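Residue numbers (my numbering), protein chains in the order written: chain A, 1 to 494; chain B, 495 to 986; chain C, 987 to 1091; chain D, 1092 to 1416; chain E, 1417 to 1534.
Read the hints as simulated data drawn from the structure, not as lab findings. Given the structure is predicted, the values throughout are model-derived calculations rather than measurements. The beta carbon of each residue, even a glycine, is placed where N, CA and C say it ideally should be. There's no promise every hint is true.
What the hints assert, rightly or not - What the simulated footprint calls covered on chain E by chain D, stretch by stretch (three residues with Cβ under 8 angstroms from a Cβ of chain D suffice, anywhere in the stretch; the number is not a length):
{"hint": "1", "segment": "1430 to 1438"}
{"hint": "2", "segment": "1444 to 1451"}
{"hint": "3", "segment": "1462 to 1470"}
{"hint": "4", "segment": "1473 to 1484"}
{"hint": "5", "segment": "1491 to 1497"}
{"hint": "6", "segment": "1514 to 1526"}
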Amino acid sequence: MLTENLVALQVVVPLIFAPVCLLLGKSRHAWACALTVSWLALGIATLLVTRVATIGTQSYAIGAWAAPIGIEYRVDMAGALIIFIIAAIGAMVMSYARRSIEHEIAAENSGYFYACYLLCLTGLLGIAATGDAFNMFVFLEISSLSSYVLISLGTTRRALTAAFQYLVMGTIGATFILIGVGMLYMMTGTLNMMDLAQRLPGVDDTRTIRVAFAFVTIGVSIKLALFPLHLWLPNAYTFAPSVVSAFVAATATKVGIYVLLRFFFTVFGIHFSFVAMHVGEILMVLAVVAMLVASLVAIFQDNIKRMLAYSSVAQIGYMILGISLATSAGVTAGMIHLFNHALIKCALFLCMGNIFLRLGSVELHDLRGLAQQMPWTMAVFVIGGLSLIGVPLTSGFISKWYLVSAVLDAGLWPLAVLILLASLFALIYIGRVVEAAYFSKPDPTAKKVREAPASMLIPAWLLIGANLYIGVDASLLAGIARQGADILIGAGVP
Amino acid sequence: MSAATTLLTCVAVPMVMPALIAALHRRPNAREAVSLLGSGCLFLMVFSLLDDVRQGSLPAIDLVSPVPGIKIGFAVEPLGLMFALLASFLWFVTTVYSIGYMRHHHEKRQTSFYCYFAIALGSVMGIAFAGNLFTLFIFYELLTLSTYPLVTHAGNTAARRAGRMYLGHLIGTSVILLLLALIWTWSLTGTLDFRAGGILEGTVTPGIASVLLVLFVFGIGKTAVMPFHLWLPAAMVAPTPVSALLHAVAVVKAGVFTLLKVSIYIFGIDFLGQIPATQWLMYVAAATIVLAALFALRQDNLKLRLAWSTISQLSYIVLCALMVSPLGIIGGSVHIVMHAFAKITLFFCAGAILVTTQKTRVSEMTGIGRRMPWTMAAFTIGALSMIGLPPAAGFISKWYMLLGAIEVSQWVAVIAISVSTLLNAAYFLPVVYIAFFHAPPDAPDRVDINEVKEAPMMILLALGITAVGTVALFFLSDLPMALASQLVGGSR
Amino acid sequence: MIGLAFDILSWVSLLIGAIFLLVGAIGVLRFPDFYSRLHAVSVSDTMGTALILVGLMIQGGLSMVTVKLLLMFYFMIFTGPTAVHALAEAAIEGNVKPFARKTGQ
Amino acid sequence: MEHLINIVLLGLLMLAGFAIVRTKSLLAVAMLTSIYSLLSASLFVVLDAVDVALTEAAIGAGISTILMLAAIALTSDEEKAPRHTPLLPLFVVIATGAALIYGTLDMPRFGDPAAPAHRHVAPTYLQDTPTAIGIPNVVTSVLASYRSYDTLGEVTVIFTAGTGVLALLGFRPRRRNTEDTGRKKLVILRVVAKLFFPLILLFALYVLFHGDYGPGGGFQAGVIFATGFILYALAFGLSNSQQLIPHQLLYVMAAAGVLIYGLVGIASMLLGGKFLEYQVLANDPVTGQHVGILLIETGVAITVAAVVLIIYYGFVSRRPAPGDI
Amino acid sequence: MQGPLGLYNYWIVIVLMMTGFYIVIARPNLIKKIVGLFVFQTSVFIFFITMAKVEDGTAPIIQEGVNLYSNPLPHVLILTAIVVSLATTALGLALVVRIRESYGTINEDDIHVQDEAS
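Whenever a hint applies, use it, and build me the whole structure from the sequences.
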């Protein structure tokens, strides 16, 4: 029963336990429940990845209604990779969460928090697993609505406005997607992605399909914060509770990118997307601008969470750049970076959570000399930061390596220079923090703080460990990503 | 212990030493004993590899492969061994020196100083024994990062500014240019292994090879070829042992070493000759030689003057690496050693003067030779070697360089070397002259100005060793010459 | 024949209902203050909808539809006036003053 | 005739839309929104979407309007003029609209029976529903069986909203006798409310169980159910209505609905089927479908009713903030 | 109705959509924004339902003697979307209430001013 229903269980288990979490209320049981479920989801995801790797793409007809009639869950290598990283980040963040949540969120709200967290996880996993365009919209909304709530629970009032801004932009994005899906349905009569892929070539020379493509792309771009539609992101990441920043930054935009991949390659097909619609050129320009501008803006931020948020916008640029090449190497690079960036950003935001727990601030000038007091936390930041820059032996280097070689393969060497230039900007903004924490004298009036508790350090170090492992041996990840990319490029031939 | 294991140990020992050093941070004596012991052991281990290499066997070991076609692995070859021998030997000497310097100069945070120093040396070993360009690149970056805390050791605003300059130049060039070149090479050839005769020949057009060469030469920012040279003077805010070992020997030599490796094993000397950019880059190097020497002339701060001199001298080696001449390669390789001994002596002397008299400016050093005769004698030897006069080691390398340049009729190089020799004399001899033949000023501290008040014993010991080494290498140049010849012989 | 008579009856009923509604709407627009507007809308609305429902019932004949319409009729009869009453009550509580022509001048 | 009604309704919708843009008083905007929603519900009836019309009327015109009014009561009524010129938004809107109109040019004509959307999957639903599911309302069969997973997602969405409102606004039960004093005059309202309260609940049950045969189903039923309580709360005060249904029970109901739905899915897995494969719930596949649909519709109704009430109570039990700055 | 006029329904719906969209992006009042989203989404629902209509068809409830029905699938999708819209509206309004409590205003421009000042 377990193995054949694995795909469904992946999404349904967190879904069913979300209400349970609500009922458990403010006690620690809610946390325990969320923790167990997160690890369960990670376990299922691991099984799923191995299953997909051994016997190929998993298709699951929900309610036993075969594909175009019913809703299909379809997990190929790319989807499995996304599911795995979401589940892994989820498990890490939940292991970390208790102390941070006790500190940042009022006790009476903690039950709601854990419930919303599980709902968000459900939504994200659902998006990655589904093979149905409308079902994707539904799960997108689950994840979005719950992340609005999660963000609004931040400690300052600006969290509320950030969540509101996100809600407005997110809903516009979702509505755009809905319009696009509606047009697709109108022209083909189906909502199933594989079926769409088969039926679209007959009608893809119509204005309706072109507009549908544009609307889906814009809608998803809002969700994944593609420059210049990223305006919601910096505030949302800055003012959300630390745990939420870590979780959302590592997963939500990644899922957006996955959705984009699905639509570009599986649904519309590489020819329509990149040859007929020229989306590659447009995305490439936007990605490069995102990389450079957002990195530059990040340099001038004094709030470190905000800095990391802008850095995320820039890193999304890297991923999109890889995708915009529309080559196997490019998509592989995009997916590798997607995975790696999730690990890196999650660790960095967890690190911010540690600092906020002890210091009550993540402003740059409050961090002076912090490395002496919180050496383990700051070590996480340094390694994570180096990874963001792309220093060898960290996972960030692997991403950059694949990305630059993909760009060079496509004969676009000026882009390679720009990519590396953007990583220099990363060096500067990470360097500012490191310089403050390690090489500046602490403010004499500042209070002494202790190192964060082990329960918060271990998850961050696990992420860093994974990061370093990938930096040393990326063959497994690269293999999976390559396999996923080939399936995507090959228009979904399993 | 097999040669491969020794190889690994050589890289690993300095990397694990910080743990020991940090553990002993409350007991300075034990801490420094560990440092000394470690550096000594390292030298002996590197030395033990010499036999293998001389017999022509080149032990190698591969560890992991992060990206298909790319390995992290180590291998020994003559040039690397020469560099490793040099660095490990001078590390030992510098450790001796550091103990004297750091204690007498009352530096803070000595433990972290020794830790980062050890890591930096480990990185140098990694560079020296890197089995492929990728491994080399990793340790190259690691070296930059581990020396950054040493540059900013003082912790004040000036040091932090210098640190930014340092990181900005070195990481900037290496990430944008070198990494690009690396990935490009990899995507063209599918490998980054060092191979005799190069890997690029036959796979790329001279046009692309030109671009690659430019990327490599400027990307290896540690060679301090203009216009990416400003980091080196900036790094002089670091404590003197750092300037001495790292910024006269380890870091900058890692740069030119990398360049030599690239030109020998990635391009191949023969292929290099077919690349149009080579000639232009040689002009850049020649210009750097002359211009940096002119800048050195204008510096009053002794350490800065030495730094500019280093920039100038490094470009000799860059010039040799691009000269497409076996004699030039020999000259360049040997110059790594010769210049290292001389320059470290000079820096040791500058540090000794600083510790003893708190003076940093050349114009203040009038008559200092009477007070610190041993120190200034060593300084003189170093200066002679810099200029390239016998009986100092610098003569030998310069001789081969000139021969090489003449062999391939690179007259610009010949002129640059000759002019810079004159300039070297012009900026070093006045120091010697002032120190020995100028009357000292009225001593404010009422000590007898003619009384000999030398630097601490440990410092003297260290600079004595290197000064003697500078002279000795003139007479005993067989070992480096043999290794260098083996290098050229191997590439033919 | 009977059918035609029912039809005419139903249409007349529908038409008168519609006129009532229209008059009520005009009243809302034309009357000067809250209470008189409320008056206009409440009376005519109840009557208008009632007539329309009756007209529809005649159309529906003896069927399930007529039963449903009857239920709706029942609902309308109760809820319309009650809602208006509640509105007026709320207006008084909210100190909405009736319009009064100024005397003198 | 249908076209005429269609055009009139669309025209009225446009009027309502423009009025919403122009109107400054937010209370009036809320009412206009309600009118807009009701008009679209009427349009849905004309366009044969009776189920959707019922839902839109209940949710869009009903609950949403109540929430907007409650929110306005807690904030402020007047809208300030924007500081920036609306040129950029106007440009964006016109560009988007132009793109959409461009997109319509290759669409099948309105009502065209040969449109691809009506030829591919939909006929299967229409043909198979009587035999495979055994109920006449195809919308219900698609909603609750063919695409029941979407509906599970939908219940989860509404559950998320409930949790979110709880987290944002809290939910404190009021003490008795704090607010009832001023309401002595509401005799008529109370009598009518008492009269209608059971009827509304009854009607909700009718909508729930009749959903297989006519327009209706879990959502509509849940909303109507909640409306009954909202009416009660309006007439008799918050605390009295909360005595009727304690807030702990609402939590349990909100969670229970989702759980019922999910567990039906799990149960069908345990019985050897796929997730939400109702056929395995009974010996006869069609009976299985009936059981499954009934169960999940009940789950939906419970959650929707509870969440709507949670949201309503969340808003109205909050004290209004002091005046605008 | 044939010819391009057969699309008039869609065009009006697009105007309606854009009305809502305009309210969202042009109005600084937060409640007005939520209203705008509501109008936008409701108009998209009309768009879906319009496409489901089949000329001379009836509501998709199977009856004897009828064999032309409107397309039930968009109806189902919109049922779901309506609930999503309710959820969004409720959550957005809850946020507005909280924003008003902590900022004292629901005007986006005023909120910006306060955020800049802090």
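Exercise for the section: Compare the structure with the hints numbered earlier in the document and write down the numbers of the violated ones, lowest to highest. Expected result: none
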